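Enquirer: Sequence:
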Amino acid sequence: MKYDDAEFYFLNFENSELPNEAGATHIGMFMAWLVIHNLISEDIREEAAEEIEKVKSREITGRDFVVDICDCKLLDQELSEEGNEFAAWYYETQYMEDYCQVFEITQDTCVGLCSIEDQWENFDKLAPVLDRRLDEWKKSRN
Numbered sequence: 090m091k092y093d094d095a096e097f098y099f100l101n102f103e104n105s106e107l108p109n110e111a112g113a114t115h116i117g118m119f120m121a122w123l124v125i126h127n128l129i130s131e132d133i134r135e136e137a138a139e140e141i142e143k144v145k146s147r148e149i150t151g152r153d154f155v156v157d158i159c160d161c162k163l164l165d166q167e168l169s170e171e172g173n174e175f176a177a178w179y180y181e182t183q184y185m186e187d188y189c190q191v192f193e194i195t196q197d198t199c200v201g202l203c204s205i206e207d208q209w210e211n212f213d214k215l216a217p218v219l220d221r222r223l224d225e226w227k228k229s230r231n
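Residues in the sequence shown are numbered consecutively from 90, following the working numbering.
Be aware that a few hints might be false.
As the list claims (entries may be wrong) - SDA-like mimics (lysine to any residue), calculated; alpha carbons at most 20 Å apart, straight line: (1) LYS143 - ASN127; (2) LYS214 - THR195; (3) LYS227 - ALA216; (4) LYS145 - ILE125; (5) LYS145 - ARG134; (6) LYS91 - THR182; (7) LYS162 - LYS227; (8) LYS214 - ARG230; (9) LYS162 - SER204; (10) LYS143 - LEU128; (11) LYS228 - GLN183; (12) LYS214 - ASP165; (13) LYS227 - HIS126; (14) LYS145 - SER169; (15) LYS162 - LEU128; (16) LYS228 - TYR179; (17) LYS145 - ASP207; (18) LYS145 - ASP220; (19) LYS91 - SER169; (20) LYS162 - GLU96; (21) LYS91 - GLU110; (22) LYS214 - SER130; (23) LYS143 - ILE125; (24) LYS214 - MET185; (25) LYS145 - ASN211; (26) LYS162 - LYS228; (27) LYS145 - ILE158; (28) LYS162 - SER130; (29) LYS145 - GLU206; (30) LYS228 - ILE158; (31) LYS227 - ALA177; (32) LYS227 - ASP165; (33) LYS162 - PHE99; (34) LYS91 - SER130; (35) LYS162 - GLU206; (36) LYS214 - GLN183.
Think of the hints as simulated: they come from the structure by calculation, not from any bench. Bear in mind that the values here come from a model prediction, so they are computed numbers and not experimental data.
Could you put the whole structure together from the sequences, leaning on the hints where they help?
Expert: Set out below in structure tokens:
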């Protein structure tokens, strides 16, 4: 199952100076958080062990990981069972709203959505929200 695909966003960058990779920034921030929380599949851990360590040490961003390893997509096969359950519960229903709220943007345009800088400082603004959502999800399961 495909949760998200950066191609959808960069095909809609009409009259924009944004690079195509900007369409993967929001996906990359979520993926970096999943990597840090070990919510990725065993296959990805084996195939991209070096890149995973680079994400964890902040040598590369989540967007770099998504572009280089995941073909600009967020797919179920890249996530662990728990990661998939969380992504199905959260990513498809609330993530974009939280992302836009954290960065004070609207979802109205792809350009606005994809204008957030791919920086660890921005990830650090979003990560506490993801942590809180994971806690909410875990509580909802009990």
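Enquirer: The structure should be examined with respect to each hint, and the outcome stated for every one.
Expert: So, going through the hints one by one against the coordinates:
no., hint, in the structure
1, LYS143 - ASN127, "holds, 14 Å"
2, LYS214 - THR195, "holds, 17 Å"
3, LYS227 - ALA216, "holds, 16 Å"
4, LYS145 - ILE125, "holds, 6 Å"
5, LYS145 - ARG134, "holds, 12 Å"
6, LYS91 - THR182, "holds, 14 Å"
7, LYS162 - LYS227, "violated, 25 Å"
8, LYS214 - ARG230, "violated, 26 Å"
9, LYS162 - SER204, "holds, 18 Å"
10, LYS143 - LEU128, "holds, 16 Å"
11, LYS228 - GLN183, "holds, 17 Å"
12, LYS214 - ASP165, "violated, 25 Å"
13, LYS227 - HIS126, "holds, 14 Å"
14, LYS145 - SER169, "holds, 17 Å"
15, LYS162 - LEU128, "holds, 16 Å"
16, LYS228 - TYR179, "holds, 13 Å"
17, LYS145 - ASP207, "holds, 15 Å"
18, LYS145 - ASP220, "holds, 16 Å"
19, LYS91 - SER169, "holds, 14 Å"
20, LYS162 - GLU96, "holds, 8 Å"
21, LYS91 - GLU110, "holds, 18 Å"
22, LYS214 - SER130, "violated, 25 Å"
23, LYS143 - ILE125, "holds, 11 Å"
24, LYS214 - MET185, "holds, 14 Å"
25, LYS145 - ASN211, "holds, 15 Å"
26, LYS162 - LYS228, "violated, 28 Å"
27, LYS145 - ILE158, "holds, 15 Å"
28, LYS162 - SER130, "holds, 15 Å"
29, LYS145 - GLU206, "holds, 19 Å"
30, LYS228 - ILE158, "violated, 32 Å"
31, LYS227 - ALA177, "holds, 13 Å"
32, LYS227 - ASP165, "holds, 19 Å"
33, LYS162 - PHE99, "holds, 12 Å"
34, LYS91 - SER130, "holds, 15 Å"
35, LYS162 - GLU206, "holds, 19 Å"
36, LYS214 - GLN183, "holds, 16 Å"
The structure is inconsistent with the numbered hints 7, 8, 12, 22, 26 and 30, although it conforms to all the rest.
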